[in-house]
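K.L.:
Below, each chain spelled out in residue letters.
Protein chains: 2
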Amino acid sequence: MKIAIAQLNPTIGDLSGNAKNILEAARKAAKEGVRLMLTPELSLCGYPPRDLLLSSEFVESMSKKLHELAQQLPTQIAVLVGTAEPNPYATSKGQKPLFNGTALLEGGKLQKIFYKRLLPTYDVFDEDRYFEPGYQTNSFTIKSDSQFKIHIGVTICEDLWNEEEFWGKRNYEINPLEDLAELGVDLIVNLSASPYTVSKQKLREAMLGHSASRYQTPIIYVNQIGGNDDLIFDGNSVAFNRTGNVVCRAKAFASDLKIIEFDEQTKDLLPTAIAPLPATEEEEIFSALVLGVRDYARKCGFSQVVLGLSGGIDSSLVAAIAAEAIGAENVLGVLMPSPYSSEHSITDAEALVKNLGIKSQKLPIGDLMKSYDRLLGPLFAGTEFGIAEENTQSRIRGNLLMAISNKFGHLLLSTGNKSEMAVGYCTLYGDMNGGLAVIADVPKTRVFSICRWLNRNREIIPNNVLIKPPSAELKPGQVDQDSLPPYEILDDILERAIHHHQSTAQIVKAGHEPAVVNKVMKLIARAEFKRKQAPPGLKITDRAFGTGWRMPIASRWLPPNPSN
Amino acid sequence: MKIAIAQLNPTIGDLSGNAKNILEAARKAAKEGVRLMLTPELSLCGYPPRDLLLSSEFVESMSKKLHELAQQLPTQIAVLVGTAEPNPYATSKGQKPLFNGTALLEGGKLQKIFYKRLLPTYDVFDEDRYFEPGYQTNSFTIKSDSQFKIHIGVTICEDLWNEEEFWGKRNYEINPLEDLAELGVDLIVNLSASPYTVSKQKLREAMLGHSASRYQTPIIYVNQIGGNDDLIFDGNSVAFNRTGNVVCRAKAFASDLKIIEFDEQTKDLLPTAIAPLPATEEEEIFSALVLGVRDYARKCGFSQVVLGLSGGIDSSLVAAIAAEAIGAENVLGVLMPSPYSSEHSITDAEALVKNLGIKSQKLPIGDLMKSYDRLLGPLFAGTEFGIAEENTQSRIRGNLLMAISNKFGHLLLSTGNKSEMAVGYCTLYGDMNGGLAVIADVPKTRVFSICRWLNRNREIIPNNVLIKPPSAELKPGQVDQDSLPPYEILDDILERAIHHHQSTAQIVKAGHEPAVVNKVMKLIARAEFKRKQAPPGLKITDRAFGTGWRMPIASRWLPPNPSN
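Protein chains in written order, with full-length UniProt numbering: chain A, 1 to 564; chain B, 1 to 564.
So that you can see chain A by itself, here it is in the shape it has in the complex (with noise of 0.2 Å):
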């Protein structure tokens, strides 16, 4: 029996859009003899659609969708679409109003539905908001055309999440693969929106052939791909044969459709055309943050965008990743120098210009400058150069982009990375404004890493940007490592304190300086007013400053002061 992975992507909401591409998908895998074909968790309105679940409206235009396109399929294939149903037990039961479901579509009708029974609730997942989890183990039955019955275990997501033996600990009280393979099920399938993280296929993959292995199953996992706001979904769809190898995968970063075939014989997964991983890391958080800008910008409705080039890296990156998302043509960069900025900063962004192809323009911020000094200058009278003034500077380069994306509709790409955003070295209302924060979960060490992978075959980032020292060049001489620590110290700290929850002491053990690490997590804190105000920022990492952290601001909690 052959079935079809449709490696879909979803734009949020747009039921028409998201039907059509089931349906265009499923004639194409009729076509090639596919009896059933699987498609992401809520594929019929992409995931995550937020706080559109709480309108009656959206929830019941998404149920008529489900029955025009069951009408609308061919009639020799079954298909898995994923959909938000409403809960009828809600109200008398006290329970949520929706169940996060995957419908049974065959012969014109929904024949069936299965209900999601973990719900992740942490970091960037909010599903106990909307949805009651399903309480029943999810199994269907699927002939074949040669009659042959194959019994399919279904699971949504995070059910196949909770493998104890794999994980070493529990995270929900139940685990809806132990019920599926004492049920005895032929094969389980996954439908998901699992969201890029940095190697996290090799985590799934690790996980899923263990699940598959030990249960002597064989499993498909469908994974959505795209870029939804700050959340990159992968694809990466895999499945694994009884002994828990892979057999099947389908591109990362991209559509596709994968067919697979189960074989009635043996009952297992026969191998077929398996998409390699990306090569490096670096490679890999390239195609994703690509992927980001492209699907964030096309779903927004832009075909070009603009950003500001200083000549530094941060920007340099950000150019070169536009360039790829949506082509250099219609990519412009803006270098707005000050008489504080270097003669590099604007011989490094031309280079850039040129290296990539891009258009660019530029526009001297120096009589800005002194018009606002004039202006404010009664008023500051008697102070001193400093921070205000260096906002300054920022801003107006700020507003000299905005102009440009509300004069011509170009997206704004605001281009700090992460270790800034850490400790609030950026300027709000300055460098960055944007739609679209491209770099914001990238730390700077890897900022470099990733440009100079980028120069593996030919100079695209100038060799000049990745040897200087990083500056803002907002005062005379400036440069980075005035305010921070050595990238390399920051983002350990960093990395430790945000990621893994590290205390003070126990970075302060790693080796760190303690009046280091106590200045660092003074400046994360602090720094909060600026990170609510940011634009979405591409996650690539399983903490990223975005709808998964969820920080007070008017808050005194400062870690106690570790000592040597």
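Keep in mind that the hints were calculated from the coordinates and are not lab data. Among the hints, a few may not be true.
Here are a few chain B residues that face chain A, going by a calculated C-beta distance under 7 Å [stated by the list, open to error]: (1) Ile12; (2) Arg129; (3) Asp229; (4) Lys299; (5) Glu384; (6) Ala388; (7) Arg395; (8) Gly435; (9) Pro552; (10) Ala554.
The beta carbon of each residue, even a glycine, is placed where N, CA and C say it ideally should be.
Chain A is already provided as a structure; the job is to place chain B on it using the hints.
P.N.:
For chain B alone, coordinates are given in the frame of chain A:
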């Protein structure tokens, strides 16, 4: 037996400061012969601590502080203190890592700890993200000086919000109130952190009075007070006798310590001082916003604020709120007229400054506008004056205000109202700039009614501000109604769509033009990117554009077009 309500104003994460406030209240209460003191939900760390709860260092510090506090308390008084408590079974049972608890401190020790059973996970609440629900009915027995024993049922906030008979539906499967009634407790206490919304106190009192009388059990409800980012906690702690009548009410919008007598003969609470409720919704909202501004400023370490004064009604109201919150002498209003500004925009703003007694500065922006035009001229050649030019004016003003904020350490208050925020009639990085959006949850029609209430005794908001047509004055002769439906109509549509989740068909049925409804729906959806980057806005309704509003940006959902 004397029982005290300590209506406290904690700062999130300030464990030492919060513990000190609890200790001071307990010492004061003990002197008055109080046997038991009640404090609000999570009183030790403040509510909501959000992702601080993910730091084990934070949770450990809290536990340490709790035990310290137990030892410091006067011996004759027992105190219920809110704290987050690690769940020892988290990883073995697959449960959440913490409980939302209330600790009974007495005799120098932690005697007992009670866990919250109903965990709100909707709107601004994310409790399933952190907490495992408690599974046990919570009660303890306390002896009075006369050796009389009182059996007290303990509930935490949401635990009392699932009375089916009152709501006409269940919100959760269990009802802790029923369990306590079955147990036959003498008194139920409810330790809350219940955020303010307009008229919510009436709802609370109706619900709690109903429960007291239904179960023939007196109830003491203790609420937190204070502003924490977007949330305002109104206090209004209140006690009911067993017939469901209010016998005591603490202040609204202020810290308070109330002492109530539990009569050992009648096993009921005796009447004592009942603080009055605000006379009008306008007074109530004004008081809430004053507290929100005062606490946000104080808890973030600001003693002065700055805001732009356009001569319009929004900035006038915000200035009045700020003056009340932190003193007129600490408020700086900045007038930034452009060549498009009307004469009255200046004279009205000056009249306001005089009426309030605040400080002011005038910074005309004409020269800066010319500087931007000059710089952008070649790039914009051949284009019409439009949104780009309009927004640049707003952004120049935003820059000037931020320069003043950065230079003098003033908190910048933004002045946009909810109607504007809903439809995107505001400039990102312009008039949206600020650390706190004071009236972002107040619809324009309500802005007018609050200003009329403010003027009830004498003119505070200049009369001309109340009667002239609202205008952004970003081009000659512009008024808001060129772009938007009249505010009475707009606000009614917004109320239906946002608060009542009405479908477009329902809104049209209520008498609105289909074309207008469609337009408003589109505007709401398209402004999501602006709201994403807005400062925290003080919440006064049950659906604000803040932490409780979680919408996708790159989304294509629009309700189906309604027809007549």
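K.L.:
Now, for every hint given, state plainly whether the structure supports it.
P.N.:
Hints and how they fare:
1. Ile12: holds (4 Å)
2. Arg129: Holds, because the Cβ-Cβ distance from arginine 129 of chain B to chain A comes to roughly 5 Å (cut-off 7 Å).
3. Asp229: holds (5 Å)
4. Lys299: holds (4 Å)
5. Glu384: violated (10 Å)
6. Ala388: holds (4 Å)
7. Arg395: holds (5 Å)
8. Gly435: holds (6 Å)
9. Pro552: Since chain A brings a Cβ to about 4 Å from proline 552 of chain B, closer than 7 Å, the hint holds.
10. Ala554: holds (4 Å)
Hint violations for this structure: number 5 only, all remaining hints satisfied.
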